[in-house]
Amino acid sequence: MFVISSKNIFGNSLALAQRAGCWIFAGMLLLLAFPQAQAQSTLSGVVLDSVTRQPLPFGTVFLANTTLGVTTDDAGRFAFARVPAGTYEVVASYLGYALRRQVITLTNEPQQLTFRLPPSANTLGEVVVRPHPNKPEDYQKFASTFLGSTTFSQQCRIRNPEAVRVEYDAEKNELTATCADFLTVENQALGYRIRYYGLDFRLNFAEGWMSFYGSPVFEPLKARSGRQQQRWAANRSRAYKGSLPHFLRSVYDNGVAEAGFRVQRLRRVPNPARARADSLLALMRAQAFSIRALDPARFDDSLAHLIRVPRQLEYLFSAPLATTDFSNRPPVAPEVLLQFPDLLLVYYDQELADPAYVAFTARNATPDQTLPAGLDKQVSVLHLQQPQVPLQANGQPANPLALYTEGYWGFEKMGEFLPVDYLPPAQPSRTR
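Residue numbers for the sequence shown follow this note's numbering, beginning at 1102 and rising by one.
Warning: the hint list may mix true and false statements.
[Claimed, not checked] Capping the alpha-carbon separation at 25 Å, the derived lysine-lysine pairs in DSS-like fashion look like this:
#1 K1273 <-> K1236
#2 K1273 <-> K1242
#3 K1342 <-> K1323
#4 K1342 <-> K1478
Bear in mind the hints are in silico, worked out from the structure with no lab data behind them.
Keep in mind that this is a model prediction, so the values were computed, not measured.
Given the sequences, and given the hints that come with them, work out the whole structure.
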């Protein structure tokens, strides 16, 4: 399952107790564990109608977040050969039936699965009220948020917009989007067609957060020329470098610095001045008419000053962290534990930020906000939602919900979305 959870943060800059004037888009990328082990296994099974127990031929079965997908035969059977050992979400889909998922761990031994898909409501003959057409402004807001604002995202297109139902709830001030079957996204920057099954998208304007999840499967596009294939390969490498999966893999390999990352400890604490500012704001707004009449300019300046008081103060520890400062490798366990107090501030020094990042931040800043320096750098913040997060051999977290990111990693969206079986080009060996 792939999940992104994002929140708009109007907060402090990444410097000692300074207030930021930028809008930081935070996000969390959740992937299944897909260890780069040499061990391989076979996976097979059958897809059946849950009511009649009859086989469902020509259905789709795939390993979520990968390029691995097959079609069932006349008897509803499917088979995957030479699947690397690891943990997967296996998804079965058939037109007119509800989606079904199973999470499995493959070892060296062959494994078999049986999927029993229940017919959807219209297959059972029930009355189904067709959704009203999407309002253009609602659909556009969904599409732009879902695809993202990066340079690569600008080369992404939703190919079946009629498949998604977008609704706005005025009471919750929330936009939702769902898809009965799958949403197809074509990424011409990376050369993938992504079928996103079971989409559940939410954008809450009142609280400033966004989340979406589902089960995607990747299909490599067919290049029209060798030059296009080379461009896709270069873009995939660029999307991977500096990304969250790249960082986590380097943590597992104990090679964070060698991979081009710098890490510092970041602490956030409540600003004691914020409570007094909120009290004064409430008083000023309650008596706005009478107070502003005495001195409008002074009133407006005071109001703007109080609104700008940050809710949190940030303290950045200047000493750089070694990989062992925020991870632990147990002597026996095959995994590495990600663990640290406070937050991690992560810099990637091997390339500059996407120019679209600066434009995006400036576009979403309020008129009284000043953009901080360093927006051309790739700087991200990493949170842990639990004390320890085990990492698999390729850096994927055992519990993806335990990670939360903001900053540059939160800005990257569908344009940089790679399958978990993507392997970056091998680096040339160093000569001594």
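Consistency of the hints with the structure:
Our distance criterion of 25 Å between C-alpha atoms is met by K1273 and K1236, whose separation comes to about 18 Å. Proximity of K1273 to K1242 is assessed by CA-CA distance (about 16 Å); at most 25 Å being required, the pair is judged to hold. With a C-alpha separation of about 24 Å, the suggested pair K1342 and K1323 falls inside the 25 Å cut-off, and the hint holds. Using a Cα cut-off of 25 Å, the hinted pair K1342 and K1478 holds, with the two alpha carbons roughly 14 Å apart.
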